[in-house]
Structures are given as structure tokens and as C-alpha cells.
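Protein chains: 2
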Amino acid sequence: MADTTPEALARLRELVSDDLERTNRIIIEQLDSHVEMIPTLGQHLLNSGGKRLRPILTLIAAKLFGYQGNDHALLAAVVEFIHTATLLHDDVVDKSNTRRGRATANSVWGNKAPVLVGDFLFSRSFQILVEHGDLRVLRIMADCCAIISEGEVMQLVASNDLATNEARYLDVVKHKTASLFASASQLGAVAAGRSDEEAAKLSEFGLKLGIAYQVVDDALDYASQSDELGKNVGDDFQEGKMTLPVIHAYAHAEGEEKEFWQKCLEEDEQPEGSFERAIALIRERGSLEYAMGKARQFAAEAKAALEGLPDTPEKQALANLADFSVDRSY
Amino acid sequence: MADTTPEALARLRELVSDDLERTNRIIIEQLDSHVEMIPTLGQHLLNSGGKRLRPILTLIAAKLFGYQGNDHALLAAVVEFIHTATLLHDDVVDKSNTRRGRATANSVWGNKAPVLVGDFLFSRSFQILVEHGDLRVLRIMADCCAIISEGEVMQLVASNDLATNEARYLDVVKHKTASLFASASQLGAVAAGRSDEEAAKLSEFGLKLGIAYQVVDDALDYASQSDELGKNVGDDFQEGKMTLPVIHAYAHAEGEEKEFWQKCLEEDEQPEGSFERAIALIRERGSLEYAMGKARQFAAEAKAALEGLPDTPEKQALANLADFSVDRSY
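For the record, the sequence lines run as chains A and B. If you're matching positions, the first sequence starts at 1 in the numbering used here and goes up one per residue. If you're matching positions, the second sequence starts at 331 in the numbering used here and goes up one per residue.
No lab work stands behind these hints, which were simulated from the structure alone. Errors might be hidden in some of the hints.
Derived contacts from chain B toward chain A, CB cut-off under 10 Å, selection only [stated by the list, open to error]:
1) G399
2) E480
3) E482
Take a look, some chain A residues computed to stay more than 10 Å from chain B by CB distance [what the hints assert, rightly or not]:
4) E36
5) D119
6) S123
7) F126
8) V130
9) E131
10) G133
11) A142
12) E150
13) E152
14) A167
15) E269
Simulated DEER-style distance windows between Cβ atoms [said to hold, decoys possible]:
16) A:R100 x B:I358: 37 to 43 Å
17) B:E366 x A:P271: 32 to 38 Å
18) A:D32 x B:E496: 23 to 29 Å
19) B:R466 x A:Q238: 55 to 61 Å
20) A:G293 x B:G440: 43 to 49 Å
21) B:N490 x A:G273: 56 to 62 Å
22) A:G255 x B:F605: 54 to 60 Å
23) B:E461 x A:T312: 33 to 39 Å
24) A:Q262 x B:E366: 55 to 61 Å
Quick reminder that beta carbons are idealized off the backbone N, C-alpha and C, glycines included.
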């Protein structure tokens, strides 16, 4: 993996550092509630050192068109709110104990508060967007939120089902992850007052970037160390999530190997050493390489979507980000 | 309790029966998703024989002003979606097993799907409202959803805390229950194109009606039979919810009685017979009568809010509903 990868992110941050600071201020302001637990719990996750990748997409996309106003920072804050709400609900659904190397909200406060604070963040997001008053923006975010929840349900239904194939997996990824990357990017163009056509290019870029990003994320769950990834490696396996490495390895498995996957993923029988064996089988079948190859394809499609947009440092930074998304090790 | 009470509801339904049918059709249509589990789980609750009280408020309020269009049915469907979403999340939060005499979604599908389908219903609601395109309506619903989630968190924080007093309890009730009654009523006036002033009267009516309704609901949890109420009597007690009967009984308790409440509600120690003793103490202290008196006060305030509105059968039906809300035994 390239040594230079974190630079792609650093470069993005540099290009929008003032805007990102503004976004962070809006996040803190808008998290305010007379119900103390809401900002407390919200900040736990919002200040936990997330990469702010999605709001950065909004900011960069707006700047790519030379936008000089402040609306993009507001929309970026909303994007991060929606992302945070989905994480809070995700962690409850997945019973996760750590995220970004910290205890999850549900493991600190139990399941109840994160569900409700997630609901608050969704609602506050729409309050902000109504105040902003642009129905085009409201439509993008309402549609996006519906698609995300559909994706989450799709993933739940596909869990523990070895009949899940690559197409179905990618459909889940598009819904639950890539749709927010798409909307985040698109909103930057909309904030800059650009045409639907130009906004669609950014949306396409975000969608493909998001797919690449999630495919890599899922691969890393069978490849990296817990402290690098900031979440528990092996969680996906334990939960019976049908991600690309598993789908590929199972499709190429034979005889007893097939039974192993069935026991582990469908019947939820995972005796000591199962995860290690899963990793070994995935390596043997070249399933990680396969997944990374897929991710590279989507990253290339993301870059292709940028064609015809103004040649600016921001465009270059987005292209670099697409490369980074598949070269990262965390 | 008056024999005639269910007539108040029947009369309301009669006044808007065509509109309510239209609302029910919209609910089915809008619940549609290519993700099969979403309509399946959504219908489980939406077709479970709920009273449709909140959407009826929207329909009646619109008709009170002679409204002839169809927008009110759409808004009524949204109101029911939001209500259903909060129920789905509530039941997960409360770990409830029955609602309206049926198994809850979480007890059938586990915790995961109801959280996510609740998110879908929130999102779909905003999609419908964006399509409808009235920012005034969008503001009312976004604000309402934020207030409801604040109320749910407030209730969570107040749980198991005997320092919770009546004012704090009523504040929770206003947020988590009455705000949706208020918005539902207000939306009817808005659909009918009425002024903010007139809409505010309906909102005030709904708010006071909602408080009365919830205060009675909480009292019934210490008074009625499970099969009448359609939920498990004693749930509130078991969960340590600080509702008015308990607050009143504790405030008037002395010596060992105080200790009993502390053990049961703060320390979660509830040996066999605890609920029966709680009911006995609540009766002894006249706490149910106190709560019902409070509810009657709010119902009277609800009726007072209707003053100055056109004298129509709908207005009379709303006034009757306020009476019904405190005279019902379920």
C-alpha cells in the first residue's frame, strides 16, 4: 500500500480548513438542546475523531465550483448529523462495543438513549434544512435517508444468508453507504447553485467513491488490526454479515469448506479458531484481492465521473481521494 | 365512567369516514418499498387496529374550516407514519412485548428491524412532505419530531428518579405525546389554508387534549385490565417510569411507604406482590383521582381553546373527544 495515502485526506482538509471549522462550529451549535443528555451523547460520537469525510465532500464539491458563500458549511453539518444518526442506530442494531477506538454510545448509555438521540439528529437535520428553505436540498436528503434505511433493512435480511451474491451485496452497499456519499457530494454542487446535470456528476462521483470505500472497509474486517481500524476486527464475521470476501470465498469453496461457512454464518456456530480459519480460507481463495480489485474498479469509475468538471485543485483532490479510498489500511 | 364515551370516537370517524379511507389508502401506498420487510413490518403495526386518533384530528380540523381538497388526507397519513415510527422505537426502548393486544414488532422480529423500519417511516414522511412542497408544513413536522425525541430522552432520564415532580412529568408528556396531537390538529388548519392565528388555536387544542390523553393513559396503567388496554398493565411500574399516580403517591408517602417506592422504582427491587402493593398505596392516597382531576383540567382547557372557531359539527365532535379522553376506560 502506498505510503502517501494519508496525504490525500490531509490535502482535502487543507483545501477546506476554514469551511470545515465553520462546519464544526455549526455542529456544536445545532446539537444544542435543553435536554442535556442529547449534546452529551451526541458529542461523544461527533467529537470522537471521525474523518469528517462526508461533510468534506460537500465542502470540496462547492469549492470546486468557486462557491464563496456559507450554505455549504450548513449542509455539510447536516450530512455529518445524518451520518452520526445512522451510526448510533447501527451500533444498537449491531450491538457493537467499540467504534473509532472508543466505547460506542450504546455500550456506555445502553440501547435506549442512542436510538432516541439518533432520532433527534434526524429531526434536527430536517429542522436545519427547513430553515435553509431549499426544497431541492430537502428532497435530496429525504430521499437519501429513506434509501439508507432501506439499505440497512436489506443488509439485515441478507445477514446469515449464504445465498447472498455479489449483486445483492453491492445493492446493499449502494443503499446503506454510497447514497450518503452521493448526496454529500451532490449537495456541494447544489449549494453552489449549479445545474442538475453538474450536480449529477458529483452525485455519481460520490456514489462510486462510497461503494469503493465500503468494499474496502468490509475487506479490512478480514485483514487489519483492531487498533488501526478503530473497530473490532471480526465483528462482521461474528454477526454473519455477507460481505464480499465471504461471498467470494464461499462461491469458490468446495466440500467441507462449504460446510464450514454454513455452520459459521448460517447456523451461527463459531467455535474457537473459526475466525482464524475464515481468514485463512479467504486468503487461500484470493478473496481479499478480488474485493480490492472491485474497489479499484469503482474508484476508477468515481474518477471518470469527474470528467468535464472545472480543472481545479479541488477536482484533483477528489480524484486523489478516490485513490486513497482503496489504498488506505484503516 | 359514562356509557356513551365510545360514541365520541364513532362520531368523529363518521364525520370523516371518506377522508379516513383515503388516508388509509395513502398509508398502504406510501409504505411500499422494494425491500419487502418494510411493508410487512410496517403493516403489522399500522393495521393492528389503532384508533387513528391523530390522523383523525388532522382530518377533522381541516373539515372544521370547510376544506374540500385532498391535502389533509396526505398530511394525516404522515401524522400516522410519524406516530408509528415513534411506537416502533418506543417498543424497542421499553422492551415491550405487547401493544394493542398484539405482539410488538420487536418481539416478533427482534430489535434491529423495528429501529430501521422506524427510520424508514420518518424518512418516507419527509419525502411525502417535500413532494407536497409546503415549507410551513415541513417546519411544523420537523419541529414536532425534534420535540418528540427530546421528550423521549427526557422520559428516559427521569426514569427511576423519584426526584421527578409533577412539573417535570408534565413537561415530558407535552414533548413526547402532546406535541404530535398539537401538530396533527394544527396541520388540518394549515391544509385548509387558515391563518397562523387559527392554526394556533387548533394546536393549543391538540396540545391540551394530548396531555389529558397521556395523563389518563398513565393512570390506566395502575387501574385497568390488560386485555382492555391492549398493553401490559404494570409495564410502567416495572420500567420505573415516573408517571403522575406514582409521583403523587410518593409525595404523600411516609416512613416505610417511602422506602417501598425507593426500592421498587429507584433500586429496581420488585419482589412478588410489589405491583399489587403499589396499586393499593395509589388507591389509599387518592392518586388516581388526583391524576384524573388533572386530566379533566387539561380537557377543559382543550375545549376552551376551541372558542371563536366556526360552530360546526366538527367543532362539537372535537369538544366531545376532549370529554371522551378522560372518561374512557381503555
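Against the structure, the hints:
1. G399: At about 20 Å, which exceeds the 10 Å cut-off, the nearest Cβ of chain A leaves the hint on B:G399 violated.
2. E480: holds (5 Å)
3. E482: holds (5 Å)
4. E36: Answer for A:E36: violated, closest chain B Cβ roughly 8 Å.
5. D119: violated (4 Å)
6. S123: violated (4 Å)
7. F126: A:F126 not clear of chain B: closest Cβ-Cβ about 4 Å, inside 10 Å.
8. V130: Contrary to the label, A:V130 does not stay out of reach of chain B, its closest Cβ about 5 Å off (not over 10 Å).
9. E131: Given that some Cβ of chain B is not farther than 10 Å from that of A:E131, nearest at about 8 Å, it is violated.
10. G133: violated (6 Å)
11. A142: violated (4 Å)
12. E150: At roughly 5 Å from the nearest Cβ of chain B, A:E150 sits no farther out than 10 Å, so the non-interface label is violated.
13. E152: Given a closest Cβ separation of 5 Å, the condition is violated.
14. A167: Non-interface label on A:A167 holds, nearest chain B Cβ at 14 Å vs cutoff 10 Å.
15. E269: The assertion about A:E269 holds, with a minimum of 19 Å to chain B.
16. A:R100 x B:I358: 37 to 43 Å: Since the Cβ atoms of A:R100 and B:I358 sit about 41 Å apart, the hinted range of 37 to 43 Å holds.
17. B:E366 x A:P271: 32 to 38 Å: Once the Cβ atoms are compared, 34 Å apart, the range 32 to 38 Å for A:P271 and B:E366 holds.
18. A:D32 x B:E496: 23 to 29 Å: holds (27 Å)
19. B:R466 x A:Q238: 55 to 61 Å: Roughly 48 Å apart at Cβ, these two residues miss the hinted range, so it is violated.
20. A:G293 x B:G440: 43 to 49 Å: violated (35 Å)
21. B:N490 x A:G273: 56 to 62 Å: violated (43 Å)
22. A:G255 x B:F605: 54 to 60 Å: holds (58 Å)
23. B:E461 x A:T312: 33 to 39 Å: holds (35 Å)
24. A:Q262 x B:E366: 55 to 61 Å: With a Cβ separation near 24 Å, A:Q262 and B:E366 fall outside 55 to 61 Å, so the hint is violated.
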